[in-house]
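2 protein chains.
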Amino acid sequence: MKLPLGFRFAGVHAGIKKIAQKEDFTLVHCPGGATAAGVYTQNFVFAAPVALDRARTPASDIGVVAVNSGNANACTGERGLSDARQMARLAATAVGAQENQALVMSTGVIGVFLPMDKIAAGATAAAAKLGDDEAAFLAAARGILTTDKGIKVASRTLTIGGREVRLAGMCKGAGMIGPNMATMLGIVTTDAALSPDTAQAVLKAAVEDSFNCISVEGHMSTNDTVLLLASGAAGQKSEVGGQRSEVSNRPPLTTHHSPLTGSDLTAFQTALRELCIELAKQIPDDGEGASHLITIHVRGMKTRDEARRISQTVANSALVKTAVAGADPNWGRIVSAAGYAGVPFDPAGVDLVVNGHKLYERGAPVPFDARTVSAAIKASRETTIEFTFREGTAAVRFWTSDLNVEYVRFNADYTT
Amino acid sequence: MKLPLGFRFAGVHAGIKKIAQKEDFTLVHCPGGATAAGVYTQNFVFAAPVALDRARTPASDIGVVAVNSGNANACTGERGLSDARQMARLAATAVGAQENQALVMSTGVIGVFLPMDKIAAGATAAAAKLGDDEAAFLAAARGILTTDKGIKVASRTLTIGGREVRLAGMCKGAGMIGPNMATMLGIVTTDAALSPDTAQAVLKAAVEDSFNCISVEGHMSTNDTVLLLASGAAGQKSEVGGQRSEVSNRPPLTTHHSPLTGSDLTAFQTALRELCIELAKQIPDDGEGASHLITIHVRGMKTRDEARRISQTVANSALVKTAVAGADPNWGRIVSAAGYAGVPFDPAGVDLVVNGHKLYERGAPVPFDARTVSAAIKASRETTIEFTFREGTAAVRFWTSDLNVEYVRFNADYTT
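Chains as they are written, first to last, in this note's numbering: chain C, -5 to 410; chain W, -5 to 410.
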């Protein structure tokens, strides 16, 4: 994995999670500063770190992002806001940045105050371990996890104006995942140069097709945050014989390249969108207890928003999700879920294809062998549900997990 | 149970359900005709019987309602519509009514054509068994069930203008239950006299507070229907020594009393609303695999619609439902679910009380003993979640079931 220049990473165990040894505190340090953009949960009950970051982004000179897992610092009132500010201050101090150059993210249990002594110790310990190698990046990716089975990372490189531009992202999330952000945290770092407004615009567009098109159970979290950090340091370092030289700790901001525009920006946007989709799909694929990643592809609606509302409604149907878990080609559940999304369509113009098998055509059932389709669902980790409507040309893809007894067992006993 | 005058009931086994012996075909006969009103699913994918009934209600002279379980006649295209019309014709013929005096309801598997030979045999067999006693009513109530554990019935009597007026209702539903009607069928019979327009208005109002305030998993069905049948035959029969005399098979319509108005109508409305709530609550209480009936009471919103959207969103949260199943007082899930209903509110003005224990007050956690609250949830079949907002004075109650492994086991293998 080629990491973007201009970043250092660390993940340490600060004791916030109950489980010993596991990383639960992460720092992403931008020694030379970075443009930062953020998109956040639309939940009216939003966590303290969301309030803090929302006020500080987009920004032109962010120095550090601190993330803790094991505690969401959500529903914690005034004290929670004060704790989030203190967490930012501790992280900034630990890396020698200004307080207002720090962003914070938290994920974990709701309604418990942050253990500030552990946060302070974590910031100091993580600052001492910062590195720009893959091991440091992976430790940071582990530090943001909660119920995830494993890390979720993705990277891209592209060449813009003769210079290699790199993107590397990490995210977390396995439960409380609904669209418009969920308990998902994501950080995408790049050494491309972006203005704050451009960063905000390209992040928003990429999230729309990725993190906003996933769900596990449709429960929108209080803490959802995706940050894009752009150091502008691309091409500042040579690689010799595949060995990368040391990154300078604090390259002056003045050496950054001009912000991307035109076709360069378009190329970057495509890479960012693909990276975000690759990251986002890993979340329902790791949905709590999930045995299938379900892709719902809706075509032929009047608008993208209508297509998304239909795909999202199908994705969040417990009956659809349990049918896939049981490899049951019960297409009536799928078609009926589309019908209650609140989007009008002609029921006589609907086709449905599951894993390549046409089950429903122009509003009427198609004879099919249930055993064959059931075997196809059982045989593959991925289930594809394709709708064709005859209302227009808008389309969308949405990803979700199935729903099986493991999800329920897991969630019936999370805090007690 | 005192049954309304002017109705006869039957439920027979017609062989539509796979399970032998179980009733799967019901007739409700109104020998002297009845005013009929209906409310139906808002799903754009609606079943053929919904299309037929919607076109025929409100009506002043309905003679018979035929219901089959085991097959929903949904997603069956043109042939489904033709089958629904034929089912109405068969029922009308069986009781000597006109074809357009018949209404039909179907519930069961989606996407399979109705077995019309069995429907025909069922209509004939049921017509031969029609009776006005409780045994006949209960057989009819059994004939509409699918995955329900038992019958769902309720009755009321009230005195209006010196005459005893009776209401008796039946409903079904245990899965695919979302608001705005779900796979729930309901029939409320009364011997009050109502004009078609009044019947439609009072049914709509009663359903708004009852069947539209329940969910199991929030999946709105293709077949949801609640009918109100008003014979106007109240007080036409004397009761001697607790023994009811034979109801006349076809009292002339002209003997019906004048339609209810004014305070008489208000009294009837109250009874209808209470009866509908009593019926509706039985559905989530019998939710597939449910171990708790959850009541969500939202107070202090600007409008009833806003209160309902919040209560419905909380009700449909898998994380809330699994927490209750596990007796886990994880109130963060409850508060965060309220926040993504799309209804703005001040998070600092929210209180939450679960089973009488205050867990959250004015946007901040209240210290509580998790074991005590968990024990309270475990000890009772009913869990009460009370929200107080500080936005206004509108309130609503909503009922749902919890979500446990039995639901998933059951629904992962329904058709195959």
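To be clear, the hints were calculated from the coordinates, so they are not data collected in a lab.
Don't take every hint at face value.
Remember, identical chains collapse to one label, so a pair may be satisfied in a single copy or spanning two.
[As the list claims (entries may be wrong)] Derived pair list, reagent style SDA-like, types lysine to any residue, alpha-carbon separation capped at 25 Å:
1. Lys296 x Pro109
2. Lys123 x Ala86
3. Lys352 x Glu72
4. Lys16 x Ala122
5. Lys(-4) x Thr153
6. Lys296 x Glu385
7. Lys372 x Arg403
8. Lys372 x Val103
9. Lys296 x Gly336
10. Lys112 x Ala45
11. Lys112 x Glu380
12. Lys16 x Gly125
13. Lys352 x Val106
14. Lys123 x Thr387
15. Lys12 x Thr366
16. Lys(-4) x Gln263
17. Lys372 x Val106
18. Lys(-4) x Arg267
19. Lys372 x Val399
20. Lys12 x Ile154
21. Lys143 x Arg403
22. Lys352 x Leu75
23. Lys12 x Arg365
24. Lys372 x Pro338
25. Lys123 x Arg298
26. Lys(-4) x Asp111
27. Lys(-4) x Met110
28. Lys372 x Thr153
Remember, predicted model here, so these are calculated numbers, not experimental data.
Outcome of the hint check:
Proximity of Lys296 and Pro109 under a CA criterion of 25 Å is satisfied in neither setting, with 50 Å inside one chain copy and 37 Å between copies. Taking identical chains as interchangeable, the C-alpha atoms of Lys123 and Ala86 lie at most 25 Å apart only when both belong to the same chain, with a minimum of 15 Å there against 82 Å between chains. In the homo-oligomer, the alpha carbons of Lys352 and Glu72 lie at most 25 Å apart only across protomers (19 Å), although the nearest pairing inside one protomer, at 55 Å, exceeds that limit. In this homomeric assembly, Lys16 and Ala122 come within 25 Å of each other (Cα to Cα) only inside a single copy, at 18 Å, whereas the closest approach across copies is 72 Å.
In this homomeric assembly, Lys(-4) and Thr153 come within 25 Å of each other (Cα to Cα) only inside a single copy, at 13 Å, whereas the closest approach across copies is 82 Å. Proximity of Lys296 and Glu385 under a CA criterion of 25 Å is satisfied intra-copy only: 5 Å inside one chain copy versus 36 Å between copies. Within a single copy, Lys372 and Arg403 get their C-alpha atoms as close as 22 Å, and across copies as close as 16 Å, so both meet the 25 Å cut-off. For the homomeric pair Lys372 and Val103, the shortest alpha-carbon distance between copies (22 Å) is at most 25 Å, but the shortest distance inside one copy (34 Å) is not.
For a Cα distance limit of 25 Å, the shortest separation of Lys296 from Gly336 qualifies both inside one copy, at 14 Å, and across copies, at 23 Å. In the homo-oligomer, the alpha carbons of Lys112 and Ala45 lie at most 25 Å apart inside one protomer (22 Å), although the nearest pairing across protomers, at 63 Å, exceeds that limit. In this assembly of identical chains, the alpha carbons of Lys112 and Glu380 never lie at most 25 Å apart, being 48 Å within a copy and 35 Å across copies at closest. Proximity of Lys16 and Gly125 under a CA criterion of 25 Å is satisfied intra-copy only: 19 Å inside one chain copy versus 70 Å between copies.
Taking the closest pair of Cα atoms, Lys352 and Val106 come within 25 Å of each other only across two copies (16 Å); inside a single copy the shortest separation is 50 Å, beyond that limit. Taking identical chains as interchangeable, the C-alpha atoms of Lys123 and Thr387 are never at most 25 Å apart, the minima being 51 Å within one chain and 55 Å between chains. In this assembly of identical chains, the alpha carbons of Lys12 and Thr366 lie at most 25 Å apart only when taken from different copies (22 Å versus 46 Å within one copy). Taking the closest pair of Cα atoms, Lys(-4) and Gln263 come within 25 Å of each other only inside a single copy of the chain (18 Å); across copies the shortest separation is 71 Å, beyond that limit.
Proximity of Lys372 to Val106 under the C-alpha cut-off of 25 Å is restricted to the inter-copy arrangement: shortest distance 23 Å between copies versus 41 Å within a copy. Within a single copy, Lys(-4) and Arg267 get their C-alpha atoms as close as 18 Å, which meets the 25 Å cut-off; across copies the closest is 66 Å, which misses it. Taking CA atoms no more than 25 Å apart as the test, Lys372 paired with Val399 passes in both settings, with 16 Å inside one copy and 20 Å between copies. Neither within a single protomer nor between protomers do Lys12 and Ile154 lie at most 25 Å apart by alpha-carbon distance, with minima of 45 Å and 65 Å respectively.
In this assembly of identical chains, Lys143 and Arg403 lie within 25 Å of each other by CA distance both inside one copy and across copies; the values are 16 Å within and 23 Å between. In this assembly of identical chains, the alpha carbons of Lys352 and Leu75 lie at most 25 Å apart only when taken from different copies (23 Å versus 53 Å within one copy). Taking CA atoms no more than 25 Å apart as the test, Lys12 paired with Arg365 passes between copies only; the shortest distance there is 19 Å, against 45 Å inside one copy. In this assembly of identical chains, Lys372 and Pro338 lie within 25 Å of each other by CA distance neither inside one copy nor across copies; the values are 33 Å within and 42 Å between.
Taking identical chains as interchangeable, the C-alpha atoms of Lys123 and Arg298 are never at most 25 Å apart, the minima being 45 Å within one chain and 54 Å between chains. Proximity of Lys(-4) and Asp111 under a CA criterion of 25 Å is satisfied in neither setting, with 35 Å inside one chain copy and 69 Å between copies. Taking the shortest alpha-carbon separations for Lys(-4) and Met110, neither the intra-copy value of 34 Å nor the inter-copy value of 66 Å comes in at or below 25 Å. With identical chains, the CA atoms of Lys372 and Thr153 are never at most 25 Å apart, being 41 Å at best within one copy and 60 Å at best between copies.
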